[in-house]
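**Student:** Now for the letters of each chain:
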Amino acid sequence: MKILESDQIMTKVAIELTNVSKKFISPAGQVTLALRDFSLTVNEGDFCAIVGPTGCGKSTTLGMITGLSPPSTGNVKVFGKPVTGIHPDIGFVFQADAVFPWKNVIDNVAIGPQFRGMDSRSAHDKAGEWVRRVGLAGFEYHYPHQLSGGMRKRVALAQTFINEPKILLMDEPFSALDVQTRALMQEELLTLWSEKKASVVFVTHDIEEAIALADRVVVLSKGPGSVKSSYEINLTRPRHVSEARYTEAFIHLSKQIWSDLKDEVQI
Amino acid sequence: MKTTIANDKAIPAAVGEEEKKAIARSVNHHRLVIFLRIALAAGTLVGWELAVKFGLIDPFFFSQPSAIYDQLAIWLTEGTAQGPLWKELLVTMEETTLGFLIGSVMGIFFGVALGRNKLASDVFSIYIKVANAIPRVVLGSIFIIIFGLGMGSKVALAVVMVFFVVFGNAFQGVREADKNLIANAYILGANKRQVTFSVVFPSAMTWILASLHVSFGFALVGAVVGEFLGARHGIGLLIATAQGAFNAAGVFAAMIVLAVVALAAEYLLTAIENKLLKWRPAQFVEQGM
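So the protein sequences, as listed, match chains A and B. Quick note on numbering: the first sequence equals residues 1 to 267 in the working numbering. Quick note on numbering: the second sequence equals residues 268 to 556 in the working numbering.
I should point out that these hints are in silico values taken from the structure, not numbers from a laboratory. C-beta: ideal position from N, C-alpha, C; glycine also. Please note that the accuracy of each hint is not assured.
Stated by the list, open to error - List time: in silico DSSO-like cross-link candidates among lysine-lysine, alpha-carbon distance up to 30 angstroms:
(1) B:287 / A:126
(2) B:446 / A:77
(3) A:81 / B:459
(4) A:103 / A:23
What the hints assert, rightly or not - Here are some of the chain A residues that sit facing chain B, going by a computed Cβ distance under 8 angstroms:
(5) 96
(6) 111
(7) 230
(8) 231
Isolated chain B, as found in the complex (with noise of 0.2 angstroms):
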């Protein structure tokens, strides 16, 4: 008895002790993967603009660090030649997130009905591959002759892109249900209805979830490509004209644009993402994001 008693008071200091060292540890490492992150990314800026100095590197192909910001800086204060950034982006934007919305809603309203519907699932399931296996960039052009130069064309072409991601997984995520769970709400009292929105769905959502991810940027693809194809406003259409007039910063410009909202939105949906999957075990896999 007296040599546990001795342990459990000697067992919290050295515990205490222990954990300040990996807490340190932990706190060292994040700090140098920052510095080294920052570091790459000086590295290959300076790298990139002095090679272009150096002639090593042909600044009308491949621009150089400092034309991309004079470009991206013109575009902020006096905007683009089809009108202010902001409203370009706002254009692009607003086709990626209807696209983006309709899509995943679709796709999770068909994946969740054919994944509890043997008969259905069967019936349709050789149609969606062949859908599937199409390149659904080339849909594009269809769609620009329905729905014209407008939003429409390009709200289409998100949808299709984002659809076959979320529903795959929807349906993937009902199949994956586990049989234990759903023969326990049946006898607890539960319809087919109560068992699909209250086991099936919950369960699928970890799948769901993991494919909006994906598809935010399938739908981004789906709206600037449609832009490349035919618009008036938006985003691709600058990127076009930037390559209509070989003006690669313009290019890269544009890019580091789409870039910076593909990420906050990316951020966006991983906080929704802990949110509602907060009944998940802890996991850890922050270190490497």
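Only chain A is shown next, with the shape it has when bound in the complex (with noise of 0.2 angstroms):
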């Protein structure tokens, strides 16, 4: 542990939240607190993942971290500089499906480099070579229509690793796949993941979920959330998931988190 610690202070720190606050207020003059007091530090090439209950703002960090809805108090720093904007080395896969609908395959994933100025020849070829990565080999001039869930996820995936993001944020990124193709997914973003070792939060309900995939389960109170424990995840990588899910240090996690998410989500 001492040693995992001063290596923690070597490494560079990618995301950084002190003491955030988020009150949403309705025009009619209604304060929803989402966050209080929450703080968190990613180091780059870290894989954090966030648990917690429903409606506990969650989701709220995410939004904080890209800039799209910067916190009420506190600081939001990325790459050790606050946040004003979308920072371009973020990448960002959403709960919904948000590949763009009249666009093929091959688009979809073409866009993100065309938005930066390539030209589209060029984001076309890298584009190919990205489906074929996330196996769509084939399914190239297929709108998002005509695929199955799990692979319209995988444009998703494609889409946003195009851009060769150093900070990569999911919200529920699979929690509207069935149980196989979920578990399929997270090989797969593992499996990307390991290439460039981007800093990742992933935001889940899913306590096994965290715990496959991530360096760190962070777990977040009720609303307003704020971090009620962290633990480390010293299972070996590379992982696969659908193995790591059985052993002994998999399960004993598994049954802390819960407990200690248990109080949170009681109604």
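Got two chains here, each in a separate frame; can you build the complex from them with the hints?
**Tutor:** This is how it looks when you write it as structure tokens:
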């Protein structure tokens, strides 16, 4: 443990949230406090999962890191600099389908580089490679509605990864998938992630998903959310999600986290 | 394992038969529909003609199919009082198409612009509501005063008729654009202009195209009403002339000409829509059309 801590001091900090709070104020003046005194530090190359009960502000944290919804109080820093707009090194995978339904698979994947000024031809070359990488070769000219939910998620992953983000934010990306597809997509995500080792913040309500994927699991208390506890996950990498699930250490962690979370989800 | 294999083999055969039955059923249904449609049209026309013959309907007011047919034949062979029929039709079509194009381009432009700008939309929305509440046909008189009896006044009326429909739909379409898609585009690196053109506009396209169907009809109404109010050429003038001469057959014949044109335009618009919206999942509405 000691060695690990000193290691962390050596590595650079990618995301830093200090004492942030987030209030949502409706036009009628009603105030909802979504997050309170929330602090989180994610090092470069770290995979951090956030679990918590519904409505505890898990997704809000991601919004603050992107800069799309700044905090009411507190500081958010990305690579040591305060967040003022959307950082170009950030990638975001949404819970809902966010691929463009009027674009076919390859156009969907190519759009990120195109937005960033790459010419259409090289963007499509690059996109073709990513489409193959996520296992959608042969589906380049299909429209999203012609694909299954899992395949659309693969498109979303390719769309995000093609920009080579140094920070990857994921908002319950696999929650709409069936159990088998979800397991496959988790493997897929770990494979893609292990190549470049972006810093990941992965929001989920699924404890096992969090443990299987992450280096660290942060448990949030019920809304207004703040950090309740944090667990280092010392399972070996590369991990095989489907196998890791049945190891002693996994089950032990899962029990611990659940006992933490249990008090928060009771209605 | 064995049972699944047996099932795999059994299923395709069963499905094949079932499919054949389903296809046969739908073909039969389709034939029946076409037969009934023709029968209904023929029945109505024959009934109308007979009713006139037996004195149940006064042909002075309601004309009769044979008279309408004769009128159409005369127009086609000898031309109308104002000139050949196709020339009159061309005038009306030109006014309609111009009005439709200008009106929809303006509607789309302002709809998207105001939809993307909250302040502008808050300021202008009240005036657009007011303008929309005015029965726009009355503007025809003003346009004739301004633009004279020529094509300009009809085009202007058609533009006004089309603009509000397309504007309303484009505006709504922009507002309904999926927030997730917009956020996704921003994070993927788009600037505001790129979001407008590659996310907001395509998602509003469904709404816009739906409005174009209705608004072509409106453009036609604008052009014809404009011709009613005062013109030298056009189908509207043809109707007005027939009306002045108490020639009911003439009014009906002009109506048929307009209906054919409107149907052809509708068909064309549907083809364009299908081409532009080919990314949408197939819909099961063709049966009803």
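**Student:** Is the interface hint satisfied for residue 96 (chain A)? The criterion is a beta-carbon contact with chain B at less than 8 angstroms.
**Tutor:** holds (5 angstroms)
**Student:** Restraint: residue 231 (chain A) near chain B, CB-CB cut 8 angstroms. Satisfied or not?
**Tutor:** violated (29 angstroms)
**Student:** When the nearest CB of chain B is found for residue 111 (chain A), is that gap smaller than 8 angstroms?
**Tutor:** With a minimum Cβ separation of about 6 angstroms from chain B (threshold 8 angstroms), the hint on residue 111 (chain A) holds.
**Student:** Between residue 287 (chain B) and residue 126 (chain A), does the CA-CA distance stay at or below 30 angstroms?
**Tutor:** Violated - the C-alpha atoms of residue 126 (chain A) and residue 287 (chain B) are around 45 angstroms apart, more than 30 angstroms.
**Student:** Residue 446 (chain B) and residue 77 (chain A) were given as a pair; does the straight-line alpha-carbon distance stay at or below 30 angstroms?
**Tutor:** Holds, at roughly 25 angstroms.
**Student:** Does residue 459 (chain B) lie within 30 angstroms of residue 81 (chain A) when you go C-alpha to C-alpha?
**Tutor:** holds (24 angstroms)
**Student:** Going straight from one Cα to the other, do residue 103 (chain A) and residue 23 (chain A) come out at no more than 30 angstroms?
**Tutor:** violated (36 angstroms)
**Student:** Under the criterion of a CB-CB separation shorter than 8 angstroms, is residue 230 (chain A) in contact with chain B as hinted?
**Tutor:** Constraint on residue 230 (chain A) not satisfied, violated at 26 angstroms.
Hint compliance for this structure: hints 1, 4, 7, 8 are broken, all remaining hints hold.
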